[in-house]
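Kindly generate the complete structure, drawing on both the sequences and the hints.
The letter at position 69 of the sequence shown is residue 69 when you use our numbering, and the numbering goes up by one with no holes.
Derived by calculation from the structure, the hints in this document are not laboratory data. All values derive from a computational prediction rather than experimental measurement. Watch out, some of these pointers could steer you wrong.
As the list claims (entries may be wrong) - Each pair of labels, with its calculated beta carbon distance range:
hint	residue 1	residue 2	range
1	Ala10	Phe31	15 to 25 Å
2	Asp21	Gly53	28 to 38 Å
3	Gly20	Ala54	26 to 36 Å
4	Glu6	Pro55	27 to 37 Å
Idealized CB from N, CA, C, for every residue including glycine.
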Amino acid sequence: MRSEPEIRQALRTFVARHAGDVVITDQTALFSVRVLRSIHLPELIMLLERLRGAPIDVEQLRIGDFDSIDAMLTRFGGPS
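Encoded structure:
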């Protein structure tokens, strides 16, 4: 598993690839402002699994798990 700063930076890089001209922070509501769309979720889940070194049980996903970089770190920042 990577450290929290490494995971945060990797998520920032992923989001920045899709942000275009939208200015984002770690608190930006990524789906609400349409930086990310549902089509990005599979790639995002695979990235998080690689970064944390553990699978994500998609049956346990909740609304809000991917709202922002901070939300993703809170929910998936470490192994399950």
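Results for each hint:
no.: 1; hint: Ala10 to Phe31: 15 to 25 Å; in the structure: holds, 19 Å
no.: 2; hint: Asp21 to Gly53: 28 to 38 Å; in the structure: holds, 34 Å
no.: 3; hint: Gly20 to Ala54: 26 to 36 Å; in the structure: holds, 31 Å
no.: 4; hint: Glu6 to Pro55: 27 to 37 Å; in the structure: violated, 19 Å
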